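Trainee: Please put together the full structure from these sequences, using the hints given.
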Amino acid sequence: MRLFLSGARTQFWLVRRHPDELLTLCTIPFTVVMLLSIVMHAARPDLIANAFLAPTLIGLWGFSTGLAAEVLVGERWTSTLELGMAAPGSLHPVYLGRISAVMLLGVVPLGETWLLGKLLFGVAPTVHHPWVFWAAMAASVFAMAGTSLLLAVTMLLSKNSNNYLNFIGFPIYLLSGVMVPVQYLPEFLQPLSHVIFLSWSADLMRDSLAAAPVAGAGWRLLAIVGLGVAALVGGRVLLALSLRRARELGTVTYA
Amino acid sequence: MSVRVQDLTRTFRKGKGWRPKGDQVTALDGLTLHVPEHEVHGLLGPNGAGKTTLCKILSTILLPTSGTAEVLGHDVVSGAAEIRRHVGIVFGGERGLYGKLTARQTLRYWAALHLLPDARAKERTDALLTRLGLADKADDLVETFSRGMKQRVHLARGLIGDPKLILFDEPTTGMDPVAARDFRELITELRDEGRTILITTHDMDEAEEVCDRVTLIDNGRVLATETPRGLAEMSGLHRWVEAETTLDVTGIPGVVGTETRNGLLRVKTTDDRAARAVLDFLLDNGVRSVHAVPPRLEDVYLDLIGRRGMEV
Ligand SMILES: Nc1ncnc2c1ncn2[C@@H]1O[C@H](COP(=O)(O)OP(=O)(O)OP(=O)(O)O)[C@@H](O)[C@H]1O
Ligand SMILES: [Mg+2]
Numbered sequence: 001m002r003l004f005l006s007g008a009r010t011q012f013w014l015v016r017r018h019p020d021e022l023l024t025l026c027t028i029p030f031t032v033v034m035l036l037s038i039v040m041h042a043a044r045p046d047l048i049a050n051a052f053l054a055p056t057l058i059g060l061w062g063f064s065t066g067l068a069a070e071v072l073v074g075e076r077w078t079s080t081l082e083l084g085m086a087a088p089g090s091l092h093p094v095y096l097g098r099i100s101a102v103m104l105l106g107v108v109p110l111g112e113t114w115l116l117g118k119l120l121f122g123v124a125p126t127v128h129h130p131w132v133f134w135a136a137m138a139a140s141v142f143a144m145a146g147t148s149l150l151l152a153v154t155m156l157l158s159k160n161s162n163n164y165l166n167f168i169g170f171p172i173y174l175l176s177g178v179m180v181p182v183q184y185l186p187e188f189l190q191p192l193s194h195v196i197f198l199s200w201s202a203d204l205m206r207d208s209l210a211a212a213p214v215a216g217a218g219w220r221l222l223a224i225v226g227l228g229v230a231a232l233v234g235g236r237v238l239l240a241l242s243l244r245r246a247r248e249l250g251t252v253t254y255a
Numbered sequence: 001m002s003v004r005v006q007d008l009t010r011t012f013r014k015g016k017g018w019r020p021k022g023d024q025v026t027a028l029d030g031l032t033l034h035v036p037e038h039e040v041h042g043l044l045g046p047n048g049a050g051k052t053t054l055c056k057i058l059s060t061i062l063l064p065t066s067g068t069a070e071v072l073g074h075d076v077v078s079g080a081a082e083i084r085r086h087v088g089i090v091f092g093g094e095r096g097l098y099g100k101l102t103a104r105q106t107l108r109y110w111a112a113l114h115l116l117p118d119a120r121a122k123e124r125t126d127a128l129l130t131r132l133g134l135a136d137k138a139d140d141l142v143e144t145f146s147r148g149m150k151q152r153v154h155l156a157r158g159l160i161g162d163p164k165l166i167l168f169d170e171p172t173t174g175m176d177p178v179a180a181r182d183f184r185e186l187i188t189e190l191r192d193e194g195r196t197i198l199i200t201t202h203d204m205d206e207a208e209e210v211c212d213r214v215t216l217i218d219n220g221r222v223l224a225t226e227t228p229r230g231l232a233e234m235s236g237l238h239r240w241v242e243a244e245t246t247l248d249v250t251g252i253p254g255v256v257g258t259e260t261r262n263g264l265l266r267v268k269t270t271d272d273r274a275a276r277a278v279l280d281f282l283l284d285n286g287v288r289s290v291h292a293v294p295p296r297l298e299d300v301y302l303d304l305i306g307r308r309g310m311e312v
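These protein sequence lines map, in sequence, to chains A and B. Under UniProt numbering, the first residue of the first sequence is numbered 1, with each subsequent residue one higher. Under UniProt numbering, the first residue of the second sequence is numbered 1, with each subsequent residue one higher.
Treat the hints with care, since some could be wrong.
[To be verified] Below, a list of computed lysine-lysine pairs in the PhoX-like style, where the Cα atoms sit at most 25 Å apart:
hint, chain 1, residue 1, chain 2, residue 2
1, B, Lys122, B, Lys100
2, A, Lys159, B, Lys21
3, B, Lys16, A, Lys159
4, B, Lys122, B, Lys137
5, B, Lys14, A, Lys159
6, B, Lys100, B, Lys137
7, B, Lys100, B, Lys164
I should point out that these hints are in silico values taken from the structure, not numbers from a laboratory. Remember, predicted model here, so these are calculated numbers, not experimental data.
Mentor: Listed below in C-alpha cells is the structure:
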C-alpha cells in the first residue's frame, strides 16, 4: 500500500510540472458545445443526459490513454524502468498508484461538463438517483484504472504505441455507447459492447439521470467492477511477464 | 567476497516477436571476476566490451545466459530479491532521472521503492542531500540542474538504500574537473565506510587514482585483473626517464629512443635496469631534476586493447 501511495504522490508531483499533459481537459469544451448544440437545436431535451455523459466519459478515457497509458512508456524512455527493476520494492503497486492518480484527475471532466452546460446553455440534467450515479462513477474510475494498467503494459510492449492508442479510442467510443446508445448500433456489434466496461457505465449513468427507477443497479455496478478487476489482473500478469521477459532479452519492446 | 563471477556468458538475440530468433550477439563471453569486500574495482574496456551488461547482471536487471554470478553471497538468479536490498546502481548522464521531479522528490520516490519507512526516508533524504551538497537546490527541478549536479542526484539515489555494493556505470561522463575530483574523494569515503565499489569508466586517470584493482575487458572477456601499478609493471612496457638536460644518452644499452620537448629530455628504455643505468649516468653528470616514469594505466590499456580508436 505504501508503494501504491508513493506512486500516486509522485504522479501528482509530475503532473503538476507537466500542465501540457492536462490538454485533455481543453478538448472537453468542444465536445460539450458540439453535442449540446445539436441536442438543443433539435429540441430533444430527452437527449440532454447523453450530451452530458459523453464528454464526461470521453474525458475519463482521454486521461487513461493520454496520460495513464503513457506511464510505462515514459519509464522505459527515461531508463527508470531498469532502475526500478533493480530496486527491492515491487513495481506494480507503484505504477498502479501512478495510474490511479491520473484516473482521479479523470473525474475533473465531469465537473467541467456540468459547469459548461450551465454557463453556455443554461441546462443541467437532474440526477434522479444520485447514489447510483456516484457509485457508477466511482466504479468507472476504478475500472478505468485497471484498464489503463493493461493499456500501459501493452504500450510498453509495442513500438508505435501512440498510433495504436489513437486508433483504439474510436472503436471504444462507438462500442461503449458514450456517443450513441448501444441499442442504435448494428445488431452484430452490440454483444461486443458487453465486454467494455464503459458501455455498462454509460448505460447505468444514463439510467441514474432518468426519473424511472433504475433496474438491477447492483449487478450492473458489479459488471463494471468485474470488468475492471479482469483488466487489472490481466495488466498485472502481463506486466510481470514483460519484466521477466525484459530480464531475459534485455529489451522490453515486442516489435 | 562481494562479487564472484564465474564463466559468465550473456548473449542477445536480434529480431522481433515475443521470442526473437535472429542473429546472436555475445556481450559477455566466459567472464570470471572476483571482487573482495571494501575494494574499489575498476572495469575498463572499449565501447561494447560488455561492461554495462555485467553491471546489469550484477544488479539483477538482466539474467545471465550461462555461468554464475554471486553478489554478496547470493546468486543473481535465485537470490535476486536479497541482492536488490543491498546493491545500489549509479548511472551517468541523463538516463535514470525524472527531470520534472525535484531532487528531494526523486529521493523520496526511490526511498519508497527501497522500502524505507516514511520517517527514515525523510531522514535519509535530508542526510544525502546535505552530504552531496544539494541541500540548497533540494527543491529545484532536476532538469534545471547542471551535469555535475545531476550526477550528485544519481549518487544520492544510488545511496538511498544504504548499499553494501555500489555499481557505477560511467559516473563521471560530462563532469568538470572539480566535480570529478569531488567524486573521487567521495568514492574513497564510501570505501572507508566499508562499501564495495565497482566502477566502469573510460577515464584512465580516474581509474588509476581511485581503484584498488582494475579489470580490463575486451569482447566480453577479461584480459587482466591487477592493481593499476601492478598492471603497468606486468605489462613489460617501456620505462621512460625524464630529465632537464641536453646530454646525449643514446649510447647507453637499453635506450630505445629519445625526444626533447620544451627543454625536457625524455628517454625511452626497454626495462627497469636500463632506466636505472640512464638515471645513474645523468646523476653522475650533475643533472639535478631527473626522474623515472612508470607506464601509465592508459599506456597499458592502449597496449593491451590496441590503438583501435573509433573502431569497435
Ligand atoms: N539489450 C541489448 N540487446 C542487444 N544487444 C545488446 C544489448 N545490450 C548490449 N548489447 C550488445 O552487447 C555488447 C556489449 O554491450 P555493453 O553495453 O555491455 O558494452 P559497454 O562495455 O558498456 O560499452 P560502452 O563503453 O559503450 O558503454 C555490445 O555489442 C552491445 O551491442
Ligand atoms: Mg556501457
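Trainee: Each of the hints needs a verdict: does it hold here or not?
Mentor: Here is how each hint holds up against the structure:
Between B/Lys122 and B/Lys100, the direct Cα distance comes to roughly 20 Å. Compliance with the 25 Å bound is thereby established for this hinted pair. With a CA separation close to 18 Å, the supplied pair A/Lys159 and B/Lys21 stays within the 25 Å bound. Our distance criterion of 25 Å between C-alpha atoms is met by B/Lys16 and A/Lys159, whose separation comes to about 11 Å. With a CA separation close to 16 Å, the supplied pair B/Lys122 and B/Lys137 stays within the 25 Å bound.
At roughly 15 Å between alpha-carbon atoms, B/Lys14 and A/Lys159 fall within 25 Å of each other, so this suggested pair holds. Restraint check for B/Lys100 and B/Lys137: the C-alpha separation of about 14 Å stays at or below 25 Å, so the hint holds. With a C-alpha separation of about 29 Å, the suggested pairing of B/Lys100 with B/Lys164 is violated against the 25 Å cut-off.
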